[in-house]
Amino acid sequence: MSEPVAPAEPVASPGSTPPPPGSARTGPGRLLVAVYALFALSATARAGVQIVTKFSHAPVAYLLSAFAALVYILATVTLAVGSPTARRIAVVSCSVELAGVLAVGTWSAADPATFPDATVWSGYGSGYGFVPLVLPVFGLLWLRRLATGARERSASPRVGARARRWSRPVRRKSRRM
Amino acid sequence: MNGAVPTTIIVAGLALAGYALLNTARNRRMTVPMLVALGVLEVLLLVEVGIVVAKLAGGGRPASLPTLIGYLVAIPIVPVAAAFWGLVERSRWGPAVVAVAGLVAAVLMVRLHQIWPVIHV
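Line by line, the protein sequences are chains A and B.
Using this note's numbering, read the first sequence as starting at -18 and increasing by one per residue.
Using this note's numbering, read the second sequence as starting at 260 and increasing by one per residue.
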């Protein structure tokens, strides 16, 4: 879009640089990124092992595992980067994730034969303590709060003070309002 | 004997999670005691990894060797990553990250047992 693109965000070393204006990474976002990274890692590793070692055993389940892994990676990176564009992508990936866990959860209950082996999303994420079901909801809530927070902060300084108690103050250059 | 280490890790992980969550609830940042606790957890996890590697060296094989190796690689990273990610966050959400690491350490021990039951015997 028209806003100036932030100089390439060093994804490889998050934390070593101050977060960009409007980062989704600080505050509760820090926790969210940590849990997303955990799921990105475990889903990727699990899907990789399944596909490499025994793909024909349950192809549908393993391909869905791989798809889930990709969505988790995308959500982790976009939440960590936190630029306006990244946040829009994060909203999409969290939504796909929520739809995926609901669809695959229902599918695995209705047609267990297709899922001789579990995916991250089968049984609505029951194998992972239902975290896969809850995580996208928190992700979307946090992204929405960031969006409304940014709007309210520019309108009322008091709301800004309250928001700063929850997350580290971030130097905000007004980019595009 | 071998069951003592994972059990200790589960108890320690849950205790650390509780302590860290208390800090989050009280709006505290990450503190030195929390780093020390993460260090202790790291040592315990490394001991557990050592026990599993010794079992592998002794000729034992789990049902899925790649999965077990993945766990052995991932397990020691958890406290280190949590310490780093929690320290850069100078707010109550730093301890929250540590709480997740404590829970994850406990869950990983349970999963490790499911992957290869022999290590608990």
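I should point out that these hints are in silico values taken from the structure, not numbers from a laboratory.
Cβ atoms here follow ideal geometry from the backbone N, Cα and C, with glycine treated the same way.
A couple of the hints might just be wrong.
[Claimed, not checked] Simulated DEER-style distance windows between Cβ atoms: (1) A:Asp92 to B:Leu324: 19 to 25 Å; (2) B:Ala263 to A:Gly108: 26 to 32 Å; (3) A:Leu122 to B:Leu324: 18 to 24 Å; (4) A:Arg132 to B:Ile310: 52 to 58 Å; (5) A:Phe119 to B:Leu294: 38 to 44 Å; (6) B:Ile328 to A:Leu83: 30 to 36 Å; (7) A:Leu51 to B:Ala263: 21 to 27 Å; (8) B:Val332 to A:Val118: 27 to 33 Å.
[Stated by the list, open to error] Partial list, computed: chain B residues near chain A (C-beta under 10 Å): (9) Gly277; (10) Tyr278; (11) Val306.
[Unchecked claim] Facing chain A, a subset of chain B residues (Cβ under 8 Å, in silico): (12) Glu301; (13) Gly318; (14) Ala322; (15) Thr326; (16) Gly329; (17) Ala333; (18) Trp344; (19) Ser350; (20) Trp352; (21) Val356; (22) Val359; (23) Val363.
Taking the hints in turn, this is what the structure says about them:
no.: 1; hint: A:Asp92 to B:Leu324: 19 to 25 Å; verdict: 31 Å, violated
no.: 2; hint: B:Ala263 to A:Gly108: 26 to 32 Å; verdict: 27 Å, holds
no.: 3; hint: A:Leu122 to B:Leu324: 18 to 24 Å; verdict: 40 Å, violated
no.: 4; hint: A:Arg132 to B:Ile310: 52 to 58 Å; verdict: 54 Å, holds
no.: 5; hint: A:Phe119 to B:Leu294: 38 to 44 Å; verdict: 26 Å, violated
no.: 6; hint: B:Ile328 to A:Leu83: 30 to 36 Å; verdict: 33 Å, holds
no.: 7; hint: A:Leu51 to B:Ala263: 21 to 27 Å; verdict: 40 Å, violated
no.: 8; hint: B:Val332 to A:Val118: 27 to 33 Å; verdict: 31 Å, holds
no.: 9; hint: Gly277; verdict: 16 Å, violated
no.: 10; hint: Tyr278; verdict: 16 Å, violated
no.: 11; hint: Val306; verdict: 22 Å, violated
no.: 12; hint: Glu301; verdict: 17 Å, violated
no.: 13; hint: Gly318; verdict: 21 Å, violated
no.: 14; hint: Ala322; verdict: 11 Å, violated
no.: 15; hint: Thr326; verdict: 5 Å, holds
no.: 16; hint: Gly329; verdict: 5 Å, holds
no.: 17; hint: Ala333; verdict: 7 Å, holds
no.: 18; hint: Trp344; verdict: 5 Å, holds
no.: 19; hint: Ser350; verdict: 5 Å, holds
no.: 20; hint: Trp352; verdict: 5 Å, holds
no.: 21; hint: Val356; verdict: 5 Å, holds
no.: 22; hint: Val359; verdict: 6 Å, holds
no.: 23; hint: Val363; verdict: 7 Å, holds
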